[in-house]
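These are the residues of each chain, in order.
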Amino acid sequence: MTTTNTGGSAVQQNIIELVDICKDYNGTEALKNINLYIRKNEFLTLLGPSGCGKTTTLRIIGGFEEPTSGDLLFNGVKINDLPPYKRRVNTVFQKYALFPHLNVFENVAFGLKIKKLDKKTIEKKVRNMLTLVNLAGFEEREIDSLSGGQQQRVAIARALVNEPEVLLLDEPLGALDLKLRQEMQIELKNMQKRLGITFVYVTHDQEEALSMSDTVVVMKDGTIQQIGTPIDIYNEPKNAFVADFIGESNIIDGVMLRDYLVQFAGLDFNCVDRGFAEMEPVDVVVRPEDIQVVAEDESKLKGEVKAVTFKGVHYEMLIDSTAFRWKIHSTEMAPVGAKVGLKILPDAIHIMKKVATK
Amino acid sequence: MKKNWLSYPYLVWMFLFIFLPLLLVLFYSLTTRTEDGLRFTLAHFQRFMEPIYLRVLFRSVKLALFSTVICLILGYPMAMILAGNGFKRKQVMVFLFVVPMWMNFLLRTYAWMTLLEKTGLINTFLSWLGLPPLNLLYTEEAVVLGMVYNFLPFMVLPIYSVLRKIDKSLIEAAEDLGADGFTVFRKVIFPLSLPGVLSGITMVFMPAVTTFVISRLLGGGQFTLIGNLIEQQFLLVGDWNFGSAISMVMMLVILVSIGVMSKYEKENEGSGLF
Ligand SMILES: Nc1ncnc2c1ncn2[C@@H]1O[C@H](COP(=O)(O)OP(=O)(O)OP(=O)(O)O)[C@@H](O)[C@H]1O
Ligand SMILES: [Mg+2]
Chain C
1 MTTTNTGGSA
11 VQQNIIELVD
21 ICKDYNGTEA
31 LKNINLYIRK
41 NEFLTLLGPS
51 GCGKTTTLRI
61 IGGFEEPTSG
71 DLLFNGVKIN
81 DLPPYKRRVN
91 TVFQKYALFP
101 HLNVFENVAF
111 GLKIKKLDKK
121 TIEKKVRNML
131 TLVNLAGFEE
141 REIDSLSGGQ
151 QQRVAIARAL
161 VNEPEVLLLD
171 EPLGALDLKL
181 RQEMQIELKN
191 MQKRLGITFV
201 YVTHDQEEAL
211 SMSDTVVVMK
221 DGTIQQIGTP
231 IDIYNEPKNA
241 FVADFIGESN
251 IIDGVMLRDY
261 LVQFAGLDFN
271 CVDRGFAEME
281 PVDVVVRPED
291 IQVVAEDESK
301 LKGEVKAVTF
311 KGVHYEMLID
321 STAFRWKIHS
331 TEMAPVGAKV
341 GLKILPDAIH
351 IMKKVATK
Chain B
1001 MKKNWLSYPY
1011 LVWMFLFIFL
1021 PLLLVLFYSL
1031 TTRTEDGLRF
1041 TLAHFQRFME
1051 PIYLRVLFRS
1061 VKLALFSTVI
1071 CLILGYPMAM
1081 ILAGNGFKRK
1091 QVMVFLFVVP
1101 MWMNFLLRTY
1111 AWMTLLEKTG
1121 LINTFLSWLG
1131 LPPLNLLYTE
1141 EAVVLGMVYN
1151 FLPFMVLPIY
1161 SVLRKIDKSL
1171 IEAAEDLGAD
1181 GFTVFRKVIF
1191 PLSLPGVLSG
1201 ITMVFMPAVT
1211 TFVISRLLGG
1221 GQFTLIGNLI
1231 EQQFLLVGDW
1241 NFGSAISMVM
1251 MLVILVSIGV
1261 MSKYEKENEG
1271 SGLF
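Going down the list, the protein sequences come from chains C and B. Per the working numbering, the first sequence runs over residues 1 to 358. Per the working numbering, the second sequence runs over residues 1001 to 1274.
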């Protein structure tokens, strides 16, 4: 499957291009024909379940893994064979990879010392960076005396202090608690904007991906499923996998009767999609928050409330209709056992081509 | 702290075979037998201060240091090759490396004698090439060779085991931050391997400074080391008191070098002897 970013045509703007990249680890295909354009100064996120090839993609960009086939371009120049230390790219590794024999300051200063900057500049840059990641005063601490979250921030500082053109981040906030994580998300996003660095960010947390990115790349089994802005991805998921992975969804089998009319759950619904063959089987995706619970006689689609869970901002209800168990998010609650009607507006119905599942 | 009864046999063993003999040696080194019984004296230690004995001590330390340095120079790259992932049959190589250690140390040293002899393999080969024979055996170099040959595995193995445990991602992180191959070695691999280097140095230096077999077989008795001196005092001369005093001096040398090493180890928070 080949996909390109929307508007990735202006060649000069693409700082990194992956052209038909495949990666094979002795028989296991980790990446299959990846085509991806990363524009200068964009915040691009690779999102997907465990083992889908996110880290492998980053490692190819960083130079730690050679693609089995395909080309990697940096500012339009092929860099397949360029060793990592010559690439103007820095990485925040999934497992931090901090140097245990150096203290916090020395870890962060590592790259600057190799560039042979003078002592004063190094000192200033490192201190600024440590302040930025909330670790001022930790300069002399040994790495193994830090908590997981602190180590992660040292790893971010160590990469960012070099002001690379591209920063690769492999689940950099994985070890942080929710509050610190949200703070760091905002901080990272600010830094990215302020320093004008292109971020390639890996996460399997869809909320994080949606809230931080300019572009989200959804991956599965070594292939790209969809590339788009967070809003596109959320509102117009290309297939049932993306819809399911990005937020919760009701996914039900349906048949496209004709343009703008789809049948599912034994009923006909008006919709906004067209261009399918007549009687083509499709996946119908409806977000839980897009279904309204109404009085039983107000809708043809009826069901019985089976379970209600309070989720903080809203209630989650499981409602059984004849053919399907619906998941519904609403701020108002119907009690368990109540018979209700379900109302789905045409633009809440997303029709997706069935993908051949292996 | 409550003692576990299981440790008693071990304590008895320690007392009988380590503590008691040491105490005896200390006792002998500080006493002398006169007509009217035992007398406390420092004379044996004073005697050791004579130049002839000090020269032996100096030579022992010199040859041991020399061998240790050679072992380090040969052993470090060897350990790196073994630990490197470019190497397919790693286990086999390590095995081959360890096999000679299972053979008796004396046998291996005798084998070198037959190689280095006037009529030995090397000289036979040289004369076959039309070259004059070399004086190989019974030289200081032969003694150093014997030490290096016998103790090299003790240098390679601890370094190898430390190198193998270095997280590959640290090397990648260094490369990522702009370090080329040599810089990665200088700033990451070598500092992280220091605990292995230190225990390697200790494990080569200790047996080298105390050996008496290698110097006797390959040095032909011309290069008396401190170990030979002790052996002589006990077995040939029969002066147990002086022999004990020399032993105590040697203990001191060993303790001092262990002290120096462990001080370095602490500074580098090493993982101890392997
Ligand atoms: N060095 C390797 N040797 C063999 N297979 C590998 C290697 N590295 C990765 N793989 C395989 O390639 C696939 C993709 O792995 P990758 O690490 O890129 O996943 P990921 O998307 O980063 O997952 P996670 O979210 O768990 O980190 C997996 O099936 C993995 O088992
Ligand atoms: Mg990963």
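Simulated from the structure, these hints should not be mistaken for lab results. Glycine included, every Cβ here is placed at the ideal spot set by N, Cα and C. Among the hints, erroneous ones may be present.
Said to hold, decoys possible - Straight-line alpha carbon distances no greater than 35 Å define the calculated DSBU-like cross-link-like pairs of lysine-lysine that follow:
#1 B:K1187 - C:K95
#2 C:K193 - C:K179
#3 B:K1062 - C:K119
#4 B:K1062 - C:K116
#5 B:K1090 - C:K120
#6 C:K327 - C:K343
#7 C:K86 - B:K1263
#8 B:K1118 - C:K125
#9 C:K179 - B:K1118
#10 B:K1168 - C:K124
What the hints assert, rightly or not - Among the chain C residues that face chain B by a calculated CB cut under 7 Å, a handful are:
#11 F64
#12 T91
#13 A97
#14 G111
Comparing the hints with the structure gives:
About 20 Å separates the Cα atoms of K1187 (chain B) and K95 (chain C), which keeps this hinted pair within 35 Å; it holds. Pair hint K193 (chain C) plus K179 (chain C) holds up; C-alpha atoms about 22 Å apart against a cutoff of 35 Å. Annotation: proposed proximity of K1062 (chain B) to K119 (chain C) is violated, straight-line Cα distance about 41 Å (limit 35 Å). The straight-line distance between the Cα atoms of K1062 (chain B) and K116 (chain C) is roughly 40 Å, outside the 35 Å bound, and the hint therefore fails.
Taken as a hint, the K1090 (chain B) and K120 (chain C) pair is broken in the structure, with Cα atoms around 46 Å apart against an allowance of 35 Å. For the proposed pair K327 (chain C) and K343 (chain C), the alpha carbon gap of about 13 Å is at most 35 Å, so the pair holds. Using a Cα cut-off of 35 Å, the hinted pair K86 (chain C) and K1263 (chain B) is violated, with the two alpha carbons roughly 39 Å apart. The suggested pairing of K1118 (chain B) with K125 (chain C) is violated, with an alpha-carbon distance near 68 Å, which exceeds 35 Å.
Restraint check for K179 (chain C) and K1118 (chain B): not satisfied, since their Cα atoms lie roughly 80 Å apart, outside the 35 Å limit. At most 35 Å may separate the alpha-carbon atoms for a hinted pair to count; K1168 (chain B) and K124 (chain C) meet this at roughly 30 Å. With its C-beta approaching chain B no nearer than about 5 Å, F64 (chain C) sits inside the 7 Å limit, and its interface hint holds. Annotation: T91 (chain C) was flagged as interfacial toward chain B, and the flag holds, the nearest CB pair being 5 Å apart, inside 7 Å.
Satisfaction of the interface hint for A97 (chain C) is found here, the shortest Cβ-Cβ separation to chain B being roughly 4 Å, below the 7 Å cut-off. At its closest, the beta carbon of G111 (chain C) sits 4 Å from a beta carbon of chain B; the interface hint therefore holds under the 7 Å criterion.
In this structure, the hints that do not hold are numbers 3, 4, 5, 7, 8 and 9, in rising order.
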